[in-house]
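K.L.:
Residue numbers (this note's numbering), protein chains in the order written: chain A, 1 to 245; chain B, 1 to 223.
Hints may contain errors.
[Claimed, not checked] Dumping the calculated DSS-like pairs for lysine-lysine here, alpha-carbon to alpha-carbon at most 30 Å:
(1) A:Lys191 to A:Lys111
(2) A:Lys77 to B:Lys2
(3) B:Lys2 to A:Lys119
(4) A:Lys111 to A:Lys78
(5) A:Lys191 to A:Lys77
(6) B:Lys2 to A:Lys78
(7) A:Lys77 to A:Lys242
(8) A:Lys16 to A:Lys242
(9) A:Lys111 to B:Lys181
(10) A:Lys242 to A:Lys191
[To be verified] Quick list of the computed label-pair ranges, beta carbon to beta carbon:
(11) B:Ala159 to A:Thr118: 37 to 43 Å
(12) B:Ser126 to A:Lys119: 48 to 54 Å
(13) B:Gly203 to A:Lys119: 41 to 47 Å
(14) B:Ala15 to A:Ser200: 36 to 42 Å
(15) B:Arg20 to A:Arg17: 45 to 51 Å
(16) A:Leu26 to B:Ile75: 53 to 59 Å
(17) A:Glu202 to B:Asn156: 32 to 38 Å
(18) A:Arg144 to B:Val173: 43 to 49 Å
(19) B:Asn124 to A:Arg144: 18 to 24 Å
(20) B:Ala120 to A:Ser21: 51 to 57 Å
(21) B:Asn5 to A:Glu68: 27 to 33 Å
(22) B:Gly81 to A:Arg17: 54 to 60 Å
[As the list claims (entries may be wrong)] Partial selection, computed: residues in chain A whose CB lies under 8 Å from chain B:
(23) Met62
(24) Glu81
(25) Arg84
(26) Arg85
(27) Ile87
(28) Asn99
(29) Tyr103
(30) Met112
Honestly, the hints are just simulated from the structure, not real lab data. Think of the CB as a built atom: it goes at the ideal place given N, C-alpha and C, for glycine as much as any other residue.
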Amino acid sequence: MDKIGSPSEVYTIEVKRLTKSFGTHLALRGIDVAVKQGESVVIFGPNGAGKTTLIKLLATIMNPSSGEIFINGFNLKKNAEQARRSIGVITHQTFLYSNLTAYENLQFYSKMYDVPDTKERIYQVATMVEMVSRLHDRTGTFSRGMQQRLSIARALLHNPAILLLDEPETGLDQQAISILRVALQMEENEKRTIILTTHSLERGLELCNRLLILNHGRIVYENSTKTLDLASLTEIYHQNTKAKV
Amino acid sequence: MKFWNKVFAIVWKDAISEMRTREIIFSVLIFTILVVVTFNFAFGASAETMKLVAPGILWVTFTFAGILALNRSFIPEIEEGCLGGLMICPVSREVIYVGKMLGSLFFMLIIEIIALPVFALLFNLSVLSPQLITITFLATVGFVAVGTLFSALAVNTKAREMVLPILFLPVVVPIIISAVKASGQALSGEPWGELSSWLAVLGAFDAIFIVISFWIFPFIIEE
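Model the full assembly from the supplied sequences, consistent with the hints where possible.
P.N.:
This is how it looks when you write it as C-alpha cells:
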C-alpha cells in the first residue's frame with residue numbers, strides 16, 4: 001500500500017501541528033507528538049485539556065481541523081482504513097452491543113477486522129480476559145467491570161500493534177486492571193506501541209515509559225517516566241496545570 | 001466481496017439486536033395498523049371514496065411509519081456508544097452507510113409485508129398485485145436511502161426525533177408523490193404500461209438518492 005506523505009519510517013505514530021476546534025473553542029492547539037515502535041506514552045491533563053480529543057483523532061473517530069497524523073507511515077487523511085487495521089482502542093465506552101452476547105459482539109468485530117480463525121481467536125481473547133464462561137450471555141447483563149474486560153478482548157481481537165487507551169481503568173476492579181496490564185504487552189512478546197490517557201498519575205508511571213502533560217490543548221511538559229517518582233510527578237503536574245491532584 | 005461481507009455483518013448485527021428487542025418492528029407495526037384503522041373509520045364504507053383516498057392513506061402511513069423506523073437506525077449506536085466502535089473498524093464509511101440502509105430496508109419491508117394485507121382487508125382493495133408490490137419496493141428503497149443519511153445527520157442533535165422529519169420530508173416528497181400517483185393507477189387496475197412513467201421516476205429517484213447519499217455519508221458521519 002502506498003504510504004505517500006510519510007515523513008518518517010522511524011515513528012509508529014507521528015502527529016504534526018495538530019489542531020482541532022469545536023466552533024470557536026480550540027481543543028488542540030498545534031501539537032506535535034512522535035512515538036516509536038514499542039514505546040508507551042501516558043498523557044496526563046485536567047478535564048478539558050484535549051486528551052480524549054487527541055485519542056479520537058488518532059483513532060480516526062474525528063477529523064483534525066488542521067495538521068497531519070501518520071500511523072505506521074499511513075497518512076490518516078489518505079489511508080485511514082489501512083491505518084485502522086493496526087489500531088486497537090479501549091475507552092470508557094465499551095463499543096459493545098448490549099442485546100448481543102459476548103460471543104456475538106466479538107464475532108461481529110472479527111468480521112469487521114477480517115480476523116482469521118474467528119472461533120479460535122474469540123476463545124483465545126476471552127480466555128485472556130477471563131470471560132469464557134460468560135461468552136454466550138448478553139453483554140447487557142454484565143457488570144461494568146465485565147463489560148470493560150470484554151472491551152479489552154474486542155480491542156485485542158486483531159492483535160493490533162498500536163493500542164490507544166482513553167481512561168481505560170474506569171469501572172475496572174483490581175483483577176481487570178491486571179488483565180489490562182497483560183493486554184498492553186503484544187502477543188509473542190513483541191511490544192505494542194501504546195498511548196494512554198489517565199487521571200491516575202500512579203498508574204501512568206507504572207504502565208508507561210514516557211509522559212506528556214496536556215493543558216488547554218498544548219503539550220506543556222514531556223519527560224521519561226524512569227526519572228520520576230510519584231511525589232515529583234505530582235509536583236510537576238501541579239505546576240504545569242495549576243490544579244491540585 | 002469484502003465490502004459486502006462487512007455490509008452483511010452490520011445487517012446481521014442489527015437484525016439479531018432487533019429480533020431480541022423488537023423495538024422497531026413492534027412499535028412501527030402498531031402505529032401503522034392504528035393509522036390504517038383510524039382512516040378506515042374516518043372515511044366510512046363507500047367503495048368510491050376508498051378507491052380515491054386509499055393511495056394517499058397508504059403512503060401517509062408508510063411515510064410516518066418509516067420516519068419512526070429510521071429514527072431508530074442510529075439511535076442505538078449512539079445510546080450504547082457503539083458508533084465509535086463502527087468508526088474505528090478498518091472499513092470505509094460507505095460500508096456503514098450501506099449496512100445501515102439495508103438493515104432499515106429489511107425492517108421496513110417486514111412492516112409493509114404485514115401491513116399491506118391488513119390494509120387490503122380493511123379497505124377491501126386488491127393491494128397484493130405485482131404492480132403495487134413493485135411500487136412499494138421501489139419507493140421504500142428511495143425512502144431508506146435518504147432516510148439513513150438524514151438519520152445519521154439527526155442523531156447527533158438534541159431534538160433528533162423532530163429534526164429527522166423536518167430535514168427528510170421535503171427531500172423525499174418526489175418519491176411520495178410518485179408512489180401515490182403510481183399506487184392510484186395500480187389500485188384502479190391499470191396495466192404495467194400505464195405505470196411505466198411513474199415507475200421510471202421512482203427508479204430514477206432511487207438511483208439519484210442512493211448515489212448522493214453514498215457520496216455524502218462519510219462527511220456527515222465524521223463531523
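K.L.:
So, for every hint listed, does it hold in this structure?
P.N.:
For each hint, the structure was consulted:
1. A:Lys191 to A:Lys111: 25 Å, holds
2. A:Lys77 to B:Lys2: 22 Å, holds
3. B:Lys2 to A:Lys119: Between Lys2 (chain B) and Lys119 (chain A) the Cα gap is close to 19 Å, so the pair holds against 30 Å.
4. A:Lys111 to A:Lys78: Distance of about 23 Å is within 30 Å: holds.
5. A:Lys191 to A:Lys77: 27 Å, holds
6. B:Lys2 to A:Lys78: 20 Å, holds
7. A:Lys77 to A:Lys242: 35 Å, violated
8. A:Lys16 to A:Lys242: Holds, at roughly 26 Å.
9. A:Lys111 to B:Lys181: 43 Å, violated
10. A:Lys242 to A:Lys191: 34 Å, violated
11. B:Ala159 to A:Thr118: 37 to 43 Å: At 41 Å between Cβs, range holds.
12. B:Ser126 to A:Lys119: 48 to 54 Å: 50 Å, holds
13. B:Gly203 to A:Lys119: 41 to 47 Å: For Gly203 (chain B) and Lys119 (chain A) the Cβ distance comes to about 43 Å; the hint holds.
14. B:Ala15 to A:Ser200: 36 to 42 Å: The hint (36 to 42 Å, Cβ to Cβ) holds, given that Ala15 (chain B) and Ser200 (chain A) are roughly 41 Å apart.
15. B:Arg20 to A:Arg17: 45 to 51 Å: 47 Å, holds
16. A:Leu26 to B:Ile75: 53 to 59 Å: 31 Å, violated
17. A:Glu202 to B:Asn156: 32 to 38 Å: 36 Å Cβ-Cβ, so the 32 to 38 Å window holds.
18. A:Arg144 to B:Val173: 43 to 49 Å: For Val173 (chain B) against Arg144 (chain A), whose Cβ atoms are near 46 Å apart, the range 43 to 49 Å holds.
19. B:Asn124 to A:Arg144: 18 to 24 Å: 56 Å, violated
20. B:Ala120 to A:Ser21: 51 to 57 Å: 56 Å, holds
21. B:Asn5 to A:Glu68: 27 to 33 Å: With Cβ atoms ~31 Å apart, the hint holds.
22. B:Gly81 to A:Arg17: 54 to 60 Å: 30 Å, violated
23. Met62: 7 Å, holds
24. Glu81: 5 Å, holds
25. Arg84: Hint holds; Arg84 (chain A) Cβ to chain B Cβ min 4 Å, cut 8 Å.
26. Arg85: This interface hint holds because 4 Å falls under the 8 Å limit.
27. Ile87: 7 Å, holds
28. Asn99: 4 Å, holds
29. Tyr103: 11 Å, violated
30. Met112: Nearest chain B Cβ about 4 Å off; hint holds.
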